[in-house]
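Visitor: The lines below spell out each chain.
Protein chains: 2
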Amino acid sequence: MLCPSSAAIVAPKSEPAAGLAQAVRYWIGVDGGGTHTRLRLWERRAADWVCLGEGQAGPSALGQGVGQAWRQIGEALAAAAVQAGHAVPHWAQCALGLGLSGANDPALAQAFRAADPGCARLALASDALTGVLGAHGGQPGALLIAGTGSVALALHADGRQVAVGGWGWLNGDEGSGAWIGKAVMQHAQRALDHRDPAGPLAQAIWARCGASAEALLAWCAESGQARYASLAPLAFDCAAQDPAAARLLQEAVQQLEAMVAAVDPQASLPLVLSGTVAARLAPQFSAALRARVVVPQGDALDGALRLLQSA
Amino acid sequence: MLCPSSAAIVAPKSEPAAGLAQAVRYWIGVDGGGTHTRLRLWERRAADWVCLGEGQAGPSALGQGVGQAWRQIGEALAAAAVQAGHAVPHWAQCALGLGLSGANDPALAQAFRAADPGCARLALASDALTGVLGAHGGQPGALLIAGTGSVALALHADGRQVAVGGWGWLNGDEGSGAWIGKAVMQHAQRALDHRDPAGPLAQAIWARCGASAEALLAWCAESGQARYASLAPLAFDCAAQDPAAARLLQEAVQQLEAMVAAVDPQASLPLVLSGTVAARLAPQFSAALRARVVVPQGDALDGALRLLQSA
Numbered sequence: 001m002l003c004p005s006s007a008a009i010v011a012p013k014s015e016p017a018a019g020l021a022q023a024v025r026y027w028i029g030v031d032g033g034g035t036h037t038r039l040r041l042w043e044r045r046a047a048d049w050v051c052l053g054e055g056q057a058g059p060s061a062l063g064q065g066v067g068q069a070w071r072q073i074g075e076a077l078a079a080a081a082v083q084a085g086h087a088v089p090h091w092a093q094c095a096l097g098l099g100l101s102g103a104n105d106p107a108l109a110q111a112f113r114a115a116d117p118g119c120a121r122l123a124l125a126s127d128a129l130t131g132v133l134g135a136h137g138g139q140p141g142a143l144l145i146a147g148t149g150s151v152a153l154a155l156h157a158d159g160r161q162v163a164v165g166g167w168g169w170l171n172g173d174e175g176s177g178a179w180i181g182k183a184v185m186q187h188a189q190r191a192l193d194h195r196d197p198a199g200p201l202a203q204a205i206w207a208r209c210g211a212s213a214e215a216l217l218a219w220c221a222e223s224g225q226a227r228y229a230s231l232a233p234l235a236f237d238c239a240a241q242d243p244a245a246a247r248l249l250q251e252a253v254q255q256l257e258a259m260v261a262a263v264d265p266q267a268s269l270p271l272v273l274s275g276t277v278a279a280r281l282a283p284q285f286s287a288a289l290r291a292r293v294v295v296p297q298g299d300a301l302d303g304a305l306r307l308l309q310s311a
Numbered sequence: 312m313l314c315p316s317s318a319a320i321v322a323p324k325s326e327p328a329a330g331l332a333q334a335v336r337y338w339i340g341v342d343g344g345g346t347h348t349r350l351r352l353w354e355r356r357a358a359d360w361v362c363l364g365e366g367q368a369g370p371s372a373l374g375q376g377v378g379q380a381w382r383q384i385g386e387a388l389a390a391a392a393v394q395a396g397h398a399v400p401h402w403a404q405c406a407l408g409l410g411l412s413g414a415n416d417p418a419l420a421q422a423f424r425a426a427d428p429g430c431a432r433l434a435l436a437s438d439a440l441t442g443v444l445g446a447h448g449g450q451p452g453a454l455l456i457a458g459t460g461s462v463a464l465a466l467h468a469d470g471r472q473v474a475v476g477g478w479g480w481l482n483g484d485e486g487s488g489a490w491i492g493k494a495v496m497q498h499a500q501r502a503l504d505h506r507d508p509a510g511p512l513a514q515a516i517w518a519r520c521g522a523s524a525e526a527l528l529a530w531c532a533e534s535g536q537a538r539y540a541s542l543a544p545l546a547f548d549c550a551a552q553d554p555a556a557a558r559l560l561q562e563a564v565q566q567l568e569a570m571v572a573a574v575d576p577q578a579s580l581p582l583v584l585s586g587t588v589a590a591r592l593a594p595q596f597s598a599a600l601r602a603r604v605v606v607p608q609g610d611a612l613d614g615a616l617r618l619l620q621s622a
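Going down the list, the protein sequences come from chains A and B. If you read the first sequence in the numbering used here, its first letter stands for residue 1, the second for the next number, and so on. If you read the second sequence in the numbering used here, its first letter stands for residue 312, the second for the next number, and so on.
Keep in mind the hints are simulated off the structure, nothing from the lab. Ideal Cβ placement from N, Cα and C applies to all residues, glycine included. Incorrect hints may appear among the rest.
Now the stretches of chain A that chain B is said to cover, found in silico as 3 or more residues with beta-carbon under 8 Å [stated by the list, open to error]: (1) 75-89; (2) 97-110; (3) 161-175; (4) 191-197; (5) 267-274.
FRET-style restraints, in silico, Cβ to Cβ [claimed, not checked]: (6) A/G199 - B/A551: 18 to 26 Å; (7) A/H36 - B/A524: 17 to 25 Å; (8) A/G199 - B/A509: 48 to 56 Å; (9) B/R538 - A/G63: 33 to 41 Å; (10) A/Q241 - B/A599: 14 to 22 Å.
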């Protein structure tokens, strides 16, 4: 968020050890999930952290393999170097702060560290934690992410980090795009069975995915998290005309509010909303929740740099 | 069901053409799903249909490939011949009635027929249809299957066949063992998040699958329909002590009753309950539904023979 639109500066919370600071020329933040890797490349110039460029690559979620994760991070670094007009930095010149999906699994985190190609410094956390660090500039706060998946996090004043949700699209991720997509598909199937009314929402799903059992089953057989999430906008489109769509979005709101309540039972922390589904549902959240919503100070890449600075 | 406990006879609804009856020595019923294939081997002796033996093999659900389906059916036939003390029949001597999962998909059914190894006669339907044919001896009636998956069927007096549910364990199969298993796993995850109370049901799931986020996620990553269904008995075990378990089973009952209502809106047909989950939930069904429950006349293999006779 702070780069490249501003020649951005993130104030370090603590200074690195003098020797290390000499060796490290590049400070890198990484945000890695199941679909994309984003990377931001900073250089320290006197008291300032100057953003040189950004790069993107494919998935670096640790559950898809640590070898792939390091490869994609390398590609994102190369892309950022191209944007910066630099040669690709050697790993030994780089300090990396990484927020990677799956890093909360200790076995995956250990395997990722074991495959370190020789970085000057490594700080690893889940992409959710770097998200909340970025959103509140490292200060206490809560973050609700509802995009393709969903998770809520809080960084409390006493240092506790609490995460709720994020159990994945098959069983969890309530209120997310994939969750809404699965629910509207169920509705379309039940409407075909005459168990649910065949209103505008069911008609819209049939028009998109097929109006027979065979067609819907074939669509489902070929679909994963992202494709289910692509159905979620139909629920928003139909909510004004179809009570089934409106009820479903209301249920999503309740599920997401329950996640926020579980990470911050005192309802005392400032809250950042992130993700397209959270943005579209925001007007339906309770007044009490909306009153705590603040504008994010930065994104997960800023959070990854903070993680590195405080490591 | 009629074999091998009784030297069983299923009265044919119609006689085969005289020429075909000469060529056909063996009459075979097949019930094929995603886990197993069951096959029953009959011989016509004068006016009687004598069951020679039964055989089992691996999955012959058409969605897993028609080549595999024919191989497993062949293996089940060989196993039945061994039980009968016969040589394995040549396909040309055999008339096959098949109730196979996936046969309601026209493309899969066509591919299966195209790979026919040379049977004297072939009659193909979904395993659900052979189930209802067997349950009511070919007469009008309804069938509710709730085991690992769930589906409801009705054969109406005017010949209409209506199926509801059976959309698969990822999005549908409401009230089934896998559906209950997924719901109890969600509850265990939410209890770990402090979104649900951690009562006896959550404790039981944690004891079985792990009491940390990492352990539960690992369990889910390795699990499919059958393994989720293996959690369903915990809901029954805990229902007396844990309101969450009792509510979940009540919701399963409502879902299954809605399926029965959708196949038989007049509530006029006799109903057979099939599957372990239906059996355990039976006492909780409404009195109106229970009043229509009858003892099955036969199983899906008997139904497959009826399908063949009426083809």
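Visitor: For A/G199 and B/A509, compare the CB-CB distance with the range 48 to 56 Å and indicate the outcome.
Guide: Because 39 Å falls outside the window, the suggested range is violated.
Visitor: Residue count check for the stretch 97-110 of chain A against chain B: does it reach three with CB-CB under 8 Å?
Guide: Contact hint for the stretch 97-110 of chain A vs chain B: holds, 4 residues under 8 Å.
Visitor: Could you see if the CB distance from A/Q241 to B/A599 stays within 14 to 22 Å?
Guide: 35 Å, violated
Visitor: Can the suggested window of 18 to 26 Å be confirmed for the beta-carbon pair A/G199 and B/A551?
Guide: The hinted range 18 to 26 Å is violated for A/G199 and B/A551, with Cβ atoms some 40 Å apart.
Visitor: Taking 8 Å as the Cβ threshold, is the statement that the stretch 267-274 of chain A is covered by chain B upheld or broken by the three-residue rule?
Guide: Our answer is that it is violated, as 0 residues pass the Cβ test (under 8 Å) against chain B, missing three.
Visitor: For the stretch 161-175 of chain A, do three or more residues have a beta carbon lying closer than 8 Å to a beta carbon of chain B?
Guide: With 7 residues close enough to chain B, the hint holds.
Visitor: Quick one: are B/R538 and A/G63 within 33 to 41 Å, going by C-beta?
Guide: 19 Å, violated
Visitor: Count the residues of the stretch 191-197 of chain A whose Cβ falls closer than 8 Å to any Cβ of chain B, and tell me whether that reaches three.
Guide: holds (count 3)
Visitor: Does the Cβ pair A/H36, B/A524 satisfy 17 to 25 Å?
Guide: 24 Å, holds
Visitor: Quick one: see if chain B covers the stretch 75-89 of chain A, three-plus residues with Cβ-Cβ under 8 Å.
Guide: violated (count 0)
The structure does not agree with the numbered hints 1, 5, 6, 8, 9, 10 stated previously, though it agrees with the rest.
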